[in-house]
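Peer 1: Residue strings, one per chain:
2 protein chains.
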Amino acid sequence: MPVIKTIREAMIGNDISSARTIINGTCNYILTRMTHEGRPFAEILAEAQAKGYAEADPELDVGGGDSGHKVAIMASLLYDGYVPYSSVSVEGIKDMAPEDIAFARELGYVVKLLGVIRRERPDSPIEVRVHPAMLRKDHILASVSDVFNAVLLRGSAVGDILLYGKGAGEMPTASAVVSDIVDVARNIAGGTPRRLSMDYYDEARPLPVKGIDQLVSRYYLRFSVLDVPGVLAAIASVFARHSISIASVVQRGAVEGESVPVIFVTHNAVEASVRAALAEVEAMDFIRAPTRIIRIEE
Amino acid sequence: MPVIKTIREAMIGNDISSARTIINGTCNYILTRMTHEGRPFAEILAEAQAKGYAEADPELDVGGGDSGHKVAIMASLLYDGYVPYSSVSVEGIKDMAPEDIAFARELGYVVKLLGVIRRERPDSPIEVRVHPAMLRKDHILASVSDVFNAVLLRGSAVGDILLYGKGAGEMPTASAVVSDIVDVARNIAGGTPRRLSMDYYDEARPLPVKGIDQLVSRYYLRFSVLDVPGVLAAIASVFARHSISIASVVQRGAVEGESVPVIFVTHNAVEASVRAALAEVEAMDFIRAPTRIIRIEE
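First to last, the protein sequences are chains A and B. Going letter by letter, the first sequence gives residues 25 to 322 in this note's numbering. Going letter by letter, the second sequence gives residues 25 to 322 in this note's numbering.
Keep in mind the hints are simulated off the structure, nothing from the lab. It cannot be assumed that every hint is accurate.
Okay, derived cross-link-like pairs now, DSS-like style, lysine-lysine, Cα gap no bigger than 25 Å in a straight line [what the hints assert, rightly or not]: (1) LYS118/B x LYS29/A; (2) LYS29/A x LYS118/A; (3) LYS118/B x LYS161/B; (4) LYS161/A x LYS161/B; (5) LYS29/B x LYS190/A; (6) LYS118/A x LYS161/A; (7) LYS75/A x LYS161/A; (8) LYS161/A x LYS29/A; (9) LYS234/A x LYS190/A; (10) LYS161/B x LYS190/A; (11) LYS29/A x LYS75/A.
A few chain A positions that, by computed beta-carbon distances, are all more than 12 Å from chain B [unchecked claim]: (12) ILE28; (13) SER148; (14) LEU177; (15) ALA228; (16) VAL233; (17) VAL289; (18) ALA307; (19) ASP309.
Here are the computed distance ranges between Cβ atoms for each label pair [as the list claims (entries may be wrong)]: (20) GLU227/B x ALA80/A: 28 to 36 Å; (21) GLU322/B x LYS75/A: 22 to 30 Å; (22) ASP204/A x LEU256/B: 35 to 43 Å.
Idealized CB from N, CA, C, for every residue including glycine.
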């Protein structure tokens with residue numbers, strides 16, 4: 025996909041306020057199959073490895089590192105400075121449970137491993153993060169399935185631009201390399217090898233990055249609780265105390281005395297507050313398993 | 025959308041076998057609203073004009089001419105020669121009926137005004153056409169709604185690449201112009217004003233264009249017939265005589281003696297044969313209104 029040319033040339037007349045991307049084919053393939061088949065991560069991963077869609081050591085892909093490195097480079101290009109990989113907040117898909125994908129669907133969302141780069145104003149610190157995210161099912165990125173990749177850029181003049189294509193494989197990679205070689209050849213033929221400077225990943229010009237704790241987002245939380253009276257009230261009051269507003273709650277089919285899922289979906293909240301509330305709730309004795317959190321991307 | 029850069033630079037290492045595009049925001053807006061609201065073309069057009077989404081004289085947009093001109097330029101760029109507008113087969117959306125959009129949905133399709141450029145082999149004549157087309161609802165172009173535009177390019181190495189964005193409006197247009205000015209400025213600064221030649225629309229090198237009669241496609245046909253015994257058999261036998269194979273037929277809820285729709289969906293067939301069969305059927309005395317034809321794009 026012509027991401028770099030689009031950022032550096034086609035959108036040169038725009039302030040780009042955000043880039044949201046599905047940029048790892050292995051993860052998107054696994055999540056697509058989990059969504060369609062309702063089966064667990066480990067099973068789909070094993071099949072993907074058998075078919076050659078995932079590496080024997082899948083950590084770099086499913087751990088989110090591959091997406092994180094790509095997002096770091098893209099952030100550097102977008103905002104013309106240095107964004108080291110170490111400043112990117114990275115979560116992968118290894119803990120993704122079929123239950124959460126099913127609840128997401130019920131709530132009208134699709135789960136994708138998303139890379140997000142966002143800068144509110146030219147003087148703001150930038151968000152650079154990779155994590156599973158829920159997207160409304162009619163979001164243009166929600167329809168990016170299987171091994172396809174996409175980048176959605178938001179420009180101040182042009183609005184949203186989406187680039188979509190196969191991100192990996194020997195032929196798409198060769199196609200990109202050929203394009204670069206032809207670019208170089210045209211520049212040499214024209215006598216302008218440095219027509220566009222290539223000083224984007226410059227350590228001398230670090231960009232301020234916003235910590236994930238300061239993120240403002242909506243959150244999906246799945247608590248695993250022992251279904252005893254007062255659980256819902258206990259959780260809700262912790263969230264109220266942290267000024268986190270709840271958009272919806274799903275609890276049903278519970279059998280008293282058994283472990284059941286309780287879903288909370290928040291309105292916009294600061295991640296640090298959500299984490300603090302969560303720590304309080306998780307200390308309560310009706311909690312049966314670690315809570316699953318998925319950020320919701322508007 | 026960076027269409028020209030993508031064709032001339034990013035995909036330079038590919039033979040591009042097809043470009044399929046939704047490239048007129050007014051038509052896409054009207055068709056999207058017809059699809060969602062089930063209301064007739066004229067009503068939606070009048071509202072679009074009142075809101076400024078359609079011109080006071082909408083003919084260039086809804087007649088397909090605007091898309092046709094853009095497709096002619098794109099074909100010239102793709103295959104490096106002259107494709108005059110007069111060689112483009114153009115149909116607009118003025119005759120689009122809500123019934124056909126509803127039947128399309130029932131069959132699993134969405135109707136879009138599509139520009140199609142296709143060349144099977146480097147020595148083949150090219151298809152260059154604009155017309156309403158049915159796309160399977162999970163087709164990536166089916167999700168391009170409202171005033172958004174998209175171009176789906178198929179490269180021999182890279183596979184499918186989609187570019188998606190707002191195609192019109194003063195700011196997106198300004199953004200594209202600024203990008204071109206910066207390109208020119210970079211070339212002047214680099215002393216290479218002719219780094220990329222601009223000889224694509226060269227009348228001295230006309231490209232062979234395939235007539236629409238030779239198109240091979242699937243077809244949706246809606247006959248308006250008087251519901252008397254033997255109608256289905258009469259239509260089917262004409263199609264059989266022209267060696268056109270039928271994929272499905274929809275007829276139901278008919279009241280004998282009244283005018284009813286009968287839908288035929290063909291397998292791949294040559295347009296000239298379909299037109300010949302249609303002429304025979306339309307001469308039959310049970311036909312009550314002109315038949316509607318929509319091509320199906322795989």
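Peer 1: For every hint, state whether the structure bears it out.
Peer 2: Hints, one by one, checked against the model:
1. Note on LYS118/B and LYS29/A: the hinted pairing is violated, with a Cα-Cα distance of about 38 Å set against a maximum of 25 Å.
2. Among the hinted pairs, LYS29/A with LYS118/A is inconsistent with the structure: their alpha-carbon atoms are about 33 Å apart, more than 25 Å.
3. Straight-line distance between C-alpha atoms of LYS118/B and LYS161/B comes to about 22 Å, which keeps the hinted pair within the 25 Å bound.
4. Distance hint between LYS161/A and LYS161/B is fulfilled; the C-alpha atoms sit about 14 Å from each other, no more than 25 Å.
5. In summary, the hint linking LYS29/B to LYS190/A is supported, as the alpha carbons are separated by about 18 Å, within the 25 Å threshold.
6. Pair hint LYS118/A plus LYS161/A holds up; C-alpha atoms about 22 Å apart against a cutoff of 25 Å.
7. Straight-line distance between C-alpha atoms of LYS75/A and LYS161/A comes to about 28 Å, which puts the hinted pair past the 25 Å bound.
8. Of the supplied pair hints, the one linking LYS161/A and LYS29/A is violated, its CA atoms being roughly 29 Å apart against a limit of 25 Å.
9. Our distance criterion of 25 Å between C-alpha atoms is broken by LYS234/A and LYS190/A, whose separation comes to about 30 Å.
10. Restraint check: the Cα-Cα separation between LYS161/B and LYS190/A comes to about 20 Å, which is no more than 25 Å; the hinted pair holds.
11. A distance of roughly 33 Å separates the Cα atoms of LYS29/A and LYS75/A; the hinted pair therefore is violated under the 25 Å criterion.
12. Consistency note on ILE28/A: stated as away from chain B, yet its beta-carbon is not over 12 Å from all of that chain's, at 9 Å minimum.
13. The claim that SER148/A lies off the interface holds: its Cβ sits roughly 22 Å from the closest Cβ of chain B, which is beyond the 12 Å cut-off.
14. The claim that LEU177/A is not at the interface with chain B is violated, since a C-beta of that chain comes within 12 Å of its own (minimum 9 Å).
15. Distance check for ALA228/A against chain B: the nearest CB is about 24 Å away, which clears 12 Å, and the non-interface claim stands.
16. A cut-off of 12 Å between C-beta atoms confirms that VAL233/A is not in contact with chain B; the least separation is 27 Å.
17. For VAL289/A, the requirement that its beta carbon stay farther than 12 Å from each beta carbon of chain B is met, with the minimum near 25 Å.
18. Distance check on ALA307/A: its Cβ is at least 44 Å (rounded) from any Cβ of chain B, clearing the 12 Å threshold; non-interface status holds.
19. Every C-beta of chain B lies more than 12 Å from that of ASP309/A, the closest at about 47 Å, which supports listing it as non-interface.
20. For GLU227/B and ALA80/A, the Cβ-Cβ distance of about 57 Å falls outside the hinted range of 28 to 36 Å, so the restraint is violated.
21. Under the hint 22 to 30 Å, the C-beta atoms of GLU322/B and LYS75/A, about 25 Å apart, fit the expected range.
22. Judged by the Cβ atoms, the range 35 to 43 Å given for ASP204/A and LEU256/B is violated: they are separated by roughly 59 Å.
The earlier numbered hints that this structure contradicts are 1, 2, 7, 8, 9, 11, 12, 14, 20, 22.
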